Structures are given as structure tokens and as C-alpha cells.
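Each chain, written out:
2 protein chains.
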Amino acid sequence: MESRLETLRWLSEEYHDLNGTRYDVLEAAPTPLDFSRLVHIARPVLIKESAVPEADDPEKWSKKWLSDMMKDREISVAVTPNGRADAVTRSPDNKMYFAEPYTDKMTMQSFLDTLSSGEQDSRAGTGLEVHYLQSQNGNMFSATYYDMSGNEDPSEFEPLREFVPSEIPWCSEALDKSPDAVNLWIGDENSVTSIHSDPYENIYTVIRGSKHFTLLPPTEGWCLQERRYPHATYSRSSASSELELTPSSPSTPLVRWSSVADPTAPGALPAEAHPIHITVRAGETLYLPAGWWHYVRQEGFTVAVNYWYDMEGRGMSWVWLNFLRGTEEPPLGNEEPDSGGVAVGSQ
Amino acid sequence: MESRLETLRWLSEEYHDLNGTRYDVLEAAPTPLDFSRLVHIARPVLIKESAVPEADDPEKWSKKWLSDMMKDREISVAVTPNGRADAVTRSPDNKMYFAEPYTDKMTMQSFLDTLSSGEQDSRAGTGLEVHYLQSQNGNMFSATYYDMSGNEDPSEFEPLREFVPSEIPWCSEALDKSPDAVNLWIGDENSVTSIHSDPYENIYTVIRGSKHFTLLPPTEGWCLQERRYPHATYSRSSASSELELTPSSPSTPLVRWSSVADPTAPGALPAEAHPIHITVRAGETLYLPAGWWHYVRQEGFTVAVNYWYDMEGRGMSWVWLNFLRGTEEPPLGNEEPDSGGVAVGSQ
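Sequences listed follow chains A and B, in order.
Residues 1 to 347 (UniProt numbering) make up the first sequence, in order.
Residues 1 to 347 (UniProt numbering) make up the second sequence, in order.
The hints are simulated quantities; they were obtained by calculation from the structure and are not laboratory data.
Incorrect hints may have been included.
No distinction is drawn between identical chains; accordingly, a pair holds when it is met within one copy or between any pair of copies.
[Unchecked claim] With a Cα cut of at most 25 Å, we get these calculated SDA-like pairs of lysine to any residue: (1) 177 with 41; (2) 71 with 26; (3) 63 with 233; (4) 48 with 331; (5) 95 with 74; (6) 177 with 10; (7) 177 with 198; (8) 177 with 315; (9) 177 with 22.
Given the structure is predicted, the values throughout are model-derived calculations rather than measurements.
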């Protein structure tokens, strides 16, 4: 175990020595060949062009426009008491859980009324609950869409589909595949996305507001102290109508997650971690390579769309990501008050 | 140390489980984008197309044509007593050395007279010495050629240059660079290339004869038992006019090399190694990814050209290759009669 940690330290130091915390900034979308090379290098790239046409049209993507387009359709919205959906959370019994949000159905207008209007924290209209449109199931387009020519892939956001490309031409051509999922994200500064990594090439384009990404390369995953946590989901009490964290059945597998609640907090990461901070503004697009760890905050009313493409499964990439992630189960999150527990609870 | 070996075993097993010993065969040269994807996957690819135009013209690349083109120019030819240039060899004092060949200057005709004419071992005309045109210094084109528009890169093979492209369009475009070296290889079945790896993307095209490649992925380098050997060079004794292995000065750094002399010999490799055997015939081209281990035999009179392109230095590839190669110096080749010594001497 000690030796494995030494190996991970060596790899992360070598990787950092070679690559630093630099990232490329492109003024326009890459060609498919350029992007293929960038995928091979697997470093984040900020592209100063939107992947959504006319994203800067002032008449589109405003709260009013979204409400007018969606009318009284019901959409699924994640609700939490603290803005931390899919994150490690301390329950009233002082135990740490990986908490999934309560999913509420409401109209776009009702949802938008809960979001701040500007750059200030307002939590307008809903007391202390935080709403975030963040269903990551391909809410705009799922893999089925590409198989079935769109006939069999209903979306809650059907009226918005004509404004969102179902794929990114330079990315699909470079990777020789269609996306696995295209997701719409709408929220505000009250929601954060806890640090995690995905086995997908991720093209993340911001339409309104700003997203602040804190990134770590796959080699620095060991700095994030993954632990295993019991699973829980927020539900609404019929008595008090308040959100309550409800542990899942004991047979539900434990969830492996970083015990670092906020990697931007002082002292949250060891000195060997070299986070990269990238702000993606409206009209810009981030290429986030598969396996990169990301923590995401938002500024004001924020609308974004991301495209997940399956990573290349052949060759070495998949093996390396698994190796860096660790071939053994991490410790339990509730048995180590010095690491998992305190780190999460205090930040 | 034990734990490091366990890590390497795990990585090589995972890599093999995922990739097997498959390799792609393309009927024609890839597009730059296709090739960029193949470089990312980093598996060998056999391309059934020559990188040299008109390589199959029966009037070109024959011994007579080569001699007619080169006339009485002197060329540098590697000479060894055993056909093993740049290989670990036992000296008369029973010590193992990394032996570089004697370099003789002669005309193309004199050189060709030493090579077998067909597929049988003949060693015609030179007693037991083996000649191999294998100077790997960019003997056709070196990096200087691309910098200086060819003005400052003299080649011993100037008359052949018009028949050999200075770069491979689909590869240069995919990698966005010119080759680092282009080498001409002429030999026969009496010469073999000992197993080693290079930090270059390698495009290897065969014009006459056949090359038999035995390949191991970078993950299986640990199966090759690298050792450190003193350096020596063959020189010709003025008294006997025979080749003698002459140890270099003790201050010459030891050479790190595999102690496996012939990876195709039964029992030479552990069961965890999964060699891939690819025969590249006249008119075919092999993509050999950076870091892959290769042992090369030839069949009959063989002419080939290879293109070395610097590998991508950014990202993770370089770090991984260094890690797999080993971050510590391997043992000395002459202090372990059970491994380095016997393995080399007995095959």
C-alpha cells in the first residue's frame, strides 16, 4: 500500500513536471484532426467559441425565452437543502452519505423562479431549498437518439432541441462516433458539483452565466482521498414537507467518492496536487478529457450543455485510468474521522 | 521491488485482457485523421501499401539497379562476425558486452556481393562476416534536411533520394511534424535486430524481401529482463585482419539492454508475455507505435526504409513509457549468471 502510494506520487510528479498547469486556449473550434491530436494529449482546452449556434442571441436562452418555449410542460429538477446533489453529506445522525437529490416535477417557469436573477445569492422564492436542472441522463439527447433517428428518444426539453445540435461535428468526426449523452444544465451559484471524474470525453459549452472549473489530472486522483459511503436520497416528508435524507437499503452498494468536499478550500488538497482553475464564460466551450477530476461552481443564472462521448476503449488509456483510480476498494468513509468524516463535514 | 513487479504484472495483464494480440490490417494508407486515431490507440498496424512510390517496379531496387545508381560511391556498412549489431554479445573472455558493429566503407556493389541472393543462407563471398546496411542516423534524410531545405544534409545515398519520399504525407499531417530521421536498411537473413524499443513513432516500409517482426507492447517490457552491459565495438585487427570485440573505455556509460537474445526461442519469454508476430512483405508498411519492443529478422535480400517521428511529448505517453521501462537502473548483466548471462549466451 505504501509502495503503491509512492508509485502514484512518482507518476503525478513526473506528469506535472512535464505538463505543468498549462492549458491551450483556442480562438475557434478545432478541426477534427486538430481535435484528434488534442484527445491524444488529453489536456483541458478552452475554446472561445460556442458549440450551440446563436447562443449569444439576446432573445434566446433568457429565463423568459426558456419559459415561453417550454410552456407548461413538466420537467425534472434536482432539489437539495444545500445545493450539493450527488455529493457526500452529513446526515442528522452524524453519519456521512453519498446523497442523491430529490427530484421534483415542475414547469420551467416555476423552476426558474427559484433561481437567482443576477450574480448575488438570492435563493429567491423557495426558502432554503436549492434547485438545479442537472439530470445527467441525456436529457437533451441520449444514445438512443442516434440509434433510432430520434424517433424513440423523448426529451422533456423537446421544444429546445432545435436550438441545440445533437452532436459536435468536429468532435464526432475526430472520435468517429456520436455522443453517448447530451445534457442541459440550468442553475445558479447556490449549486455546486462535487469533485469527480467520468470515463467520457466531455465537451462543455456555456450559454448563459459562467462556470468555474477546478480540475485535477487523472494522475492526482490519489490526492482526493476516495472513500466508500452508504447511499441515500433526499425525500420530502409528507408531514413537514421538508427534505429529509433517507438512507437506501443496506443492500445498495457503497458509493466510491472523494472525501474532499471543496478542493478550493485552503488546505483541502495536499501540496502535491496542482489544481487548474478555468472559468468558462457564455459563448465558450471546455474540452475536459476523460478521467480528469472536476469540481464546478457557477456564477449567477447559468445555462450550459455538455456532450459526453465514450472514450477510446482500445489501447492503454482505459488501463491507465483504472490503475490511477486504484485497483482496490478505498476505505470506508465513516470509519475514519480524521479523513473522510472531518474533511467533508468541515467545509 | 517485489511490489513494483506486481504492478507491472497487473498492468500487462489488464492491457492484454483488453487488447489481446490483435492488430489492424489496412488495405491502403490511412487518412491523416484515421492515422491520428491509430496513434492514440498505439497498437501496431499493417498497411498493405508501400510508402515508397513504384517500390514494386521490377527495374528498381534490385541489386543491379542499386549498384548502377550508386556507382563507386563509398557507403558505410555495419560488419559483425555474427550478424548481431547493436546486441548483447559474449566476448572471448566470457563477459557480456553491448556490441556495436565495425563500420566498413565500401561500394554498393562490394556490399551487395556479400549478401545472399535468395532465401537461403549463403554468406556469399566474405567468409563468416555479416554485412548489414543499417546506419540509423537518418542515412536517407536527417532532421537537418527539413530544417535546411535539404541543402545541408548530405547523404551517402544521394542518388537514391529521388526515389524515396522525404516524409509520409498522412503521417506528417497527422502528427503535425516532419520525420526526425529516414533510414535505408539493406541486408539478408544473416542479420537480426535484437529486441529493443524506441521513443519514436515508426513507419517501416519494406521494398524487397520480407521482415519478420516480433513485437511486445510497452507493458510487457518487464518480461525482457533488461540489464546493464559494458559497451564494446568491433574493430579489425591489423595483424589478423579479423574482427575483434574491443571494450570501450571504462568511463563509457553502461548500456541498458534486454538480456533476451532471441525472444522467438522456446522458453525465452515468461508465460505472461504475448508476442505479436507480423511479417511485413515487399510493398507493405508497418506502423510500429512508440515504445513497442521489436525483434526483427529478415528473409532473403531485403531492402526497407523506415521513418522515425518524434512521439508526442505532452500529456501522459512519455511518463507511462518511462514508468513501464522502470525508474531505477536494472541489475548489471555480468553479475547474474542465472539471468542475463545464460539467457544471452545459450541462444
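List of violated hint numbers, smallest to largest: Failing hints, ascending: 2, 3, 4, 5, 6.
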